[in-house]
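Participant: The listed protein sequences derive, respectively, from chains S and G.
Going letter by letter, the first sequence gives residues 0 to 232 in numbering that gives the first Met the number 0.
Going letter by letter, the second sequence gives residues 0 to 294 in numbering that gives the first Met the number 0.
Be aware that a few hints might be false.
Derived DEER-like restraints, expressed as beta-carbon distance ranges [as the list claims (entries may be wrong)]: (1) GLN14(G) - ARG221(S): 47 to 53 Å; (2) GLN14(G) - GLU127(S): 25 to 31 Å; (3) ILE170(G) - LEU140(S): 57 to 63 Å; (4) LYS167(G) - GLU57(S): 51 to 57 Å; (5) TRP270(G) - ASN171(S): 55 to 61 Å; (6) LYS271(G) - LEU80(S): 36 to 42 Å; (7) GLN289(G) - ASP91(S): 22 to 28 Å; (8) GLN14(G) - GLN161(S): 30 to 36 Å; (9) TRP21(G) - GLU127(S): 40 to 46 Å; (10) GLN161(S) - TRP21(G): 41 to 47 Å; (11) GLU117(S) - GLY13(G): 21 to 27 Å; (12) GLN14(G) - ASP222(S): 45 to 51 Å.
Calculated from the structure, these hints are not laboratory results.
All C-beta atoms in this analysis are idealised placements derived from N, C-alpha and C, irrespective of residue type, glycine included.
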Amino acid sequence: MGLVFLIQFINVSKAFDNKTLALRDVSTRIEKGEFVFLVGASGAGKSTFLRLLLKIEEPTKGHILVGNRSISRLSRRETALLRRNVGVVFQDYSLLNEMTVFENVAFALEVMGCTGREIREKVLEVLELVGLLGKRDSFPLQLSGGEQQRVAIARAIVNRPQILLADEPTGNLDPDTAWEIIELMNGINKWGTTVVMATHAAEIVDKLRKRVIVLEQGQLTRDEERGAYCREA
Amino acid sequence: MKLRTIGYYFRQAGQSMTRNLWISLAAVSTVAISVFLVGIFTLLVLNANYIVDNFEANIEIAAFVDVETPRGEVLEIQKQIQALPNVASVVLVPKEDGLLKLYGRYGEDRDLLGALGGENPLPDYFIIKVKEPERIASTADYIGQTPKVYKVDYGQQEVERWFMVSSKVRIVGSGLIILLTGAAVFLIATTVRLTVFARRKELHIMKLVGATDWFVRWPFFLEGLILGTLGALFACLGVYFGYDSFILEFAPEMSFLTLINDPVTIYSVLWKLLAGGAAVGALGSLISMQRFLKV
Chain S
0 MGLVFLIQFI NVSKAFDNKT LALRDVSTRI EKGEFVFLVG ASGAGKSTFL
50 RLLLKIEEPT KGHILVGNRS ISRLSRRETA LLRRNVGVVF QDYSLLNEMT
100 VFENVAFALE VMGCTGREIR EKVLEVLELV GLLGKRDSFP LQLSGGEQQR
150 VAIARAIVNR PQILLADEPT GNLDPDTAWE IIELMNGINK WGTTVVMATH
200 AAEIVDKLRK RVIVLEQGQL TRDEERGAYC REA
Chain G
0 MKLRTIGYYF RQAGQSMTRN LWISLAAVST VAISVFLVGI FTLLVLNANY
50 IVDNFEANIE IAAFVDVETP RGEVLEIQKQ IQALPNVASV VLVPKEDGLL
100 KLYGRYGEDR DLLGALGGEN PLPDYFIIKV KEPERIASTA DYIGQTPKVY
150 KVDYGQQEVE RWFMVSSKVR IVGSGLIILL TGAAVFLIAT TVRLTVFARR
200 KELHIMKLVG ATDWFVRWPF FLEGLILGTL GALFACLGVY FGYDSFILEF
250 APEMSFLTLI NDPVTIYSVL WKLLAGGAAV GALGSLISMQ RFLKV
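Chain G on its own, in the form it takes in the complex (with noise of 0.2 Å):
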């Protein structure tokens, strides 16, 4: 391609756009809001990913030993849960520590514990780490059928919930992500009609003189390109100073759940939501003016 036609067609976009400023506009905050609505549900849906992967990462069982059982009959309990396949660490916390931490959170009060008399009622218990936490409730079984084990815990109901929450905020948040792309391609398509109608003539004569379909395509590709990218821009600042002042407004009071807050991951879903924007107005510009081409 010539620089010269590149020129070209960069003129024309530019007269284009300026001809037809309130259509313009239009794409752009059409764009700009879809582009703004898809960013914040890919928010919603990559925390939901991210508290759960926390989650699961934080996931852990405890199995409780009776407490008579003597300390190498514990040690070899220890032993044959490690060897359990989904098993990826087993950390024993003795009755010992059990007590001095009691201590440490009874602080002042620990006189209390004077009236335990100097016996330690506490068990033995279990740390164990998982390798696969979809299989945790399985594995948490099996220990629990163990000789000497007499429970364990791996907060069956709050994991069980979490993982159906998650599933449908990212089933849903999936879902509108979709449509709210194939309505913003949708409606560009629709604004950007509007002024290849207005210049149906200028592109019938083109085609009459011998211009290529690339030739008539080029300046409104190019058109939806720039306003595509112009809104997805404007959204993208909006989700930006957004979602960073929901975290500063929210996250200290939401302390139970992490949120995604590295710089990294936010500016590649800005990113994304960019290039999204421009893929948008260029197809949506694209998808309205092939009718004109049929000459």
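If we strip away everything but chain S, and leave its shape as in the complex, we get (with noise of 0.2 Å):
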């Protein structure tokens, strides 16, 4: 049996205005269960290699395939189902501040039209999780920033998408408090989630020795499997 290929990248380039290439000529595979982190300069074009992958934009060429599927002809109502699969982070959390912790969470699922019961279980077990149930009915700004975090990672995934994009989820955080998100992550790595990570912590992807794909100016320059930040002499 072959491998499986979750995310295919085939020559992809993103033009921006017709001018700016985010992308240049971008090929890769991702295989399922893989933990891999995107790094390079800001700029270099890892927060446009997630948005491709999320279809919130469209490759200027090549194709983007997702469980052998090319994801430029889906419909609009077949990438909404697509996104459902595909759990996603920020650095910003994208938190709704006037929802608590736990309509945070649940409006993932409302969107796919869960039932009430449902709904609360799931919230529950994946507040549970990331070790929040005690905080569900505080608000997101009465929360840390780890804490935010941890939110968003629940309301990702707790449709258990096949696939975890997270764009620069320590950004905004502590060392110590990086790494619990960072652990909690990898935990969920390890349950089979697919884990895209775009990242400038060194530390981090130094001490994981996990995939690393390096892009730079929009081109894909180094992946190796157990990676460093930087090139090893």
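Starting from two chains that each stand alone, build the complex the way the hints lay out.
Facilitator: What follows is the structure, encoded as structure tokens:
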């Protein structure tokens, strides 16, 4: 049996305003269950990579396959279904401040039309997993940054997606809190979810020794198993 | 669609309306004023049509026959006229009846008629109803050329004036109704856009976690529908009581015009206004949020 590639980028380029090339001819494959760091300077194309995967942006050239299906041909409805299978976490948490922790997580299930009981069960389960069961009735602004990011992760995985994308999830956090978040994501990966994380945090990348994909000015310049943030001599 | 989801849509719509109470009130009054004006113009146009229809139904030609014509020949002429294509009916009013009417009209002063010395100076004449009022002029001309008929009369100028006035009212009224409806859609779109804008982050996140377009749209659709219906409801009450008091106040003074006063017609106008207001609300809110779905 051959390898199952969950995500494939085939000669993908993305231009903004017909001149700025955010990605140039990027090709890569990510297997089911992998943990991949996407590293590179600001503006190297990491966010564009993730946004293309979520179909927030369309590639200018090339194809992106998720589960052997080209996502550029998806209808708007199919796009919605794709996103239910791809959880996403941002640097700024993107929580709704007027909703409680419980409601923020439940939101992702409401969208799918789950029943009230189903929602309650799944939300409490995932809040326990991220260690925030006791704070379910708090509002995001009453929580620390690390706690807010854990709420965001809970929202991203409550539907048990196959893929979890994270765009600088530790960018606003102090090192200790950042580690808690990374450990949480590592745990999620161990239960079978494919994780793609864009990050600047060299010490995290170096310590975890996972696959590293490096983008420089939109080009894929390095792809190593058990890699480090910087090229090793 | 699941029942729970429908409940969710209504809760969301309700929440949005109460959170943005002032914007909602602005939307309701916008719709109320526009629908009220549309209602007034609709009734104006309908009444213009109604008056013309009435007028057309009562329109008739009087054709007068030379006084000396013997009765037998008069009946012969009646048959000829009856045979014309646009003629619906021909009634002969004999000179004797004409005299009796005259007596009736003079009442107390009927002695004056004694001066006629027992002679009847009145002609026989026909009252002719036509099938198509639009062609009354040519029919009247044709009858006027019949031998022994010395005069036809159908209130020519009056008829033409009415056709002109009513067609103007129809055109101007319809134009205003279209303009006002457009303005109402635009205004409610602008108003709802404010509430959508306030929630753009929420909509963005909804799309990211996999909400379908319609899942995002439904609450706004309902919100627009509810605000539109409420506004139209106020407008309908205004139109109903306004028109009612107008009829009570002015109808007796304008007995020469018959205005629409049957409940069936008025209720059907009100129903259409209500449905129109609801549609305008829903449409306006869908238009205003389309931009925020592009994720």
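Participant: Tell me, which hint numbers fail for this structure?
Facilitator: Failing hints: none at all.
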